[in-house]
Amino acid sequence: VAAVLASADPCDPQGRDFAVCFDAGRGVELSGYGGLLGPSASSTLSASVRLRGVRNSRSKQGAVWFNDHRLAHFELRPDDKDRALTVTAYEGLLRRHVEEGYLLLPFNPPKKLPFPLDLGIAFSVARWERAVANGWAFETARVTLFFDAVRAPTARFHLGLGPSLAHTMRGGLGAPLTHELMPLTGLQALATLESEEGRWLLRAQGVAGWTFEPGRSDGTFRARGEVVGERVVFAINDQPVAVTLRATAAFRDVGGGALSEWTVQAGLTLRLFSAQ
Amino acid sequence: MPSLLLWVALALAAEGEPEVSVEPVKPQQVVAVEVQPSSQRRQLSYDAEVWCVQLPATAPVPSGRFRVQCDDAKKECLVAAQRVLIDGVEGEEELQRTRPCTAFAGSLLEKATEGFRFVEAVAEAPDGWHRDERGRIIQVNFDLHRRVYFGGAWAPQYSPSAGFELGRGRTDFGIEVDVANNQGRELHRMRFLEGSVWLGRDPRVDASLIHYSWSALRVSSMFWLTTFVGTPRRFDLDINITGWFEAMRWELVQQRSFLTLGAAAVAVDLWHSKNLDSFVRLRAGPAAEFDVQTEDFSFKPFAAAEADFTLDRDGFHHLTASVSAEKLLFDRPQAGRRTNPARLRIQAGYEVIVLAINDYPLSLVFDARAAWRDDLVNVKPGWDFSAHAGLRFSLWAPARRDAGQANP
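So the sequences go chain by chain: W and H. Position 4, counted from 1, in the first sequence is what our numbering calls 4; the numbers after and before it change by one each time, with no gaps. If you want our numbering, it's the position in the second sequence, counting the first as 1, plus 1000.
Hint data in this document are derived by calculation from the structure and do not stem from the laboratory. Where a beta carbon is used, it is the ideal one built from N, C-alpha and C, also for glycine. Watch out, some of these pointers could steer you wrong.
[What the hints assert, rightly or not] Facing chain H, a subset of chain W residues (Cβ under 10 Å, in silico):
id: 1; residue: PHE18
id: 2; residue: GLU197
id: 3; residue: ARG199
id: 4; residue: LEU202
id: 5; residue: PHE234
id: 6; residue: ILE236
id: 7; residue: PRO240
Using the sequences and the hints, build the whole thing.
Here it is, written out as structure tokens:
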């Protein structure tokens, strides 16, 4: 980032300053999309707060924690025919990065084996999904232990995969409330790729696996995922606006009825207070 | 050579404060002062140092007190009496609004020997003021945005339903206070107790307790757009957003009273003059209105376009125009009128100063107004038109902030 800042020309010929570098992991994010929900036209409005932090480990010298947080994520489909609201109280990704990872085997003498992965943990707390025609689903919490093979020394790159643990409730369609558990029987994947100056962004995440209901021995396979690509095209008073392409898909995992759906959308994202 | 040489004894300037009595000293030498016809007398500059000198008595200036200002480049000194002249001879009245003068520490004789000319002149005057050949001071530049005014006008009215009403009058009043700060980069406009009262078949009142708005000359643009397609480039958007507020506006019409408790608007200056006195702007915002008869509160969004131009440097000519629209929402339904009624007002006016009494300007005021409304119970919605011609007297009205030296 320092190199970019040094090489970029932050001033125009008239000497006016303006921001050219942004942090996609920080700011108040407001988005509007239009596109397809299955075969039908649909639109989506989204708002959330993103925070990003980097800190050295207090207990392990040489280890660095890259922390991404997303708070109060609201996503609304306002159209009458598919009106739905999804609210997620908190999503977080904490990745512990070390220069040289290793496994220490408790032999005598102890033996160190190379471990070329960063460890991380992803959280999602209180995700509520309400669709007018499809009941509601409430994912109480999801925790994923993931392993990052890229091991980038920056928060701008993540590529992680790991087992996921989650609890979900579904209801609202006249049927009894159901509880579902994913006891590390699912895999969650996370990928983040941001350019140094923060004008390009690619994010992808997905989870797939079997959920189980109390009293039933057979599991149900469910999956959901999202891919988002952004390009900052202009900024108003140093607040960047990006053209955003987004695709989502869910298999037996939407709302109280556990429906399947997919969307392909394009829109604009305004990320306030993200200028570096 | 139009001038006549008059020998006047000039002595060395005495020590001491300029505006206090100075002990005359014995003349050491006489130097010549060129007497000028009154029409050709130049004026001391208000921005340059002025010396007070005590001279031996002369016929036109028996006190011997003079103001002197020298220009080294031109090798010339302008000389003016310290008192107002009456029939060419100084009287008892001291000059007013002169700059403080300092005692001359050198020798005017030395200046004479260096080749300086001494020329009879008129004493200096501050910006916006003129000093005549007798030395009297006259204000010739007026800021009508800083004044306490009142006036009256003939105000005939026409409406399609009631026809013409010619026997109608209007009285105006108000206090205008414009305050500039930040080296003139901000202008805060305050209006107190401003309004009009119409007397006639349909008495009307339109008056507000307080009103505030501001304009600003910004060092840098408030809004800018940066593009990131290719080399990042910045484009400044010249949008000048300001504010407009009003409290306690009372309107009496057709024996109905409406009280606007408070109004706030975002204003955009589409244009303003460099000194911020003149502007064209749009404003829009919400207000709360109280219907005195029904004791009902309404939400009143409004929008307006308005312009105020001071057309000349000395502030004699003023042009105003405005178009405003407002609508009442959440009002209680009333028999005999529509729900959510609206009002539209259009106004254009011209004010010109015709004379000043003791430096307080008296101006002629002309304006025309049109209004459409459907908020009056049992009154058919429609337009009414009025024209006004009258006089307005303004107290205070100092010289404008950017008044230069008078050039009458």
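- Item | Violations among the numbered hints | Violated hint (a single one): 4; every other hint is consistent with the structure.
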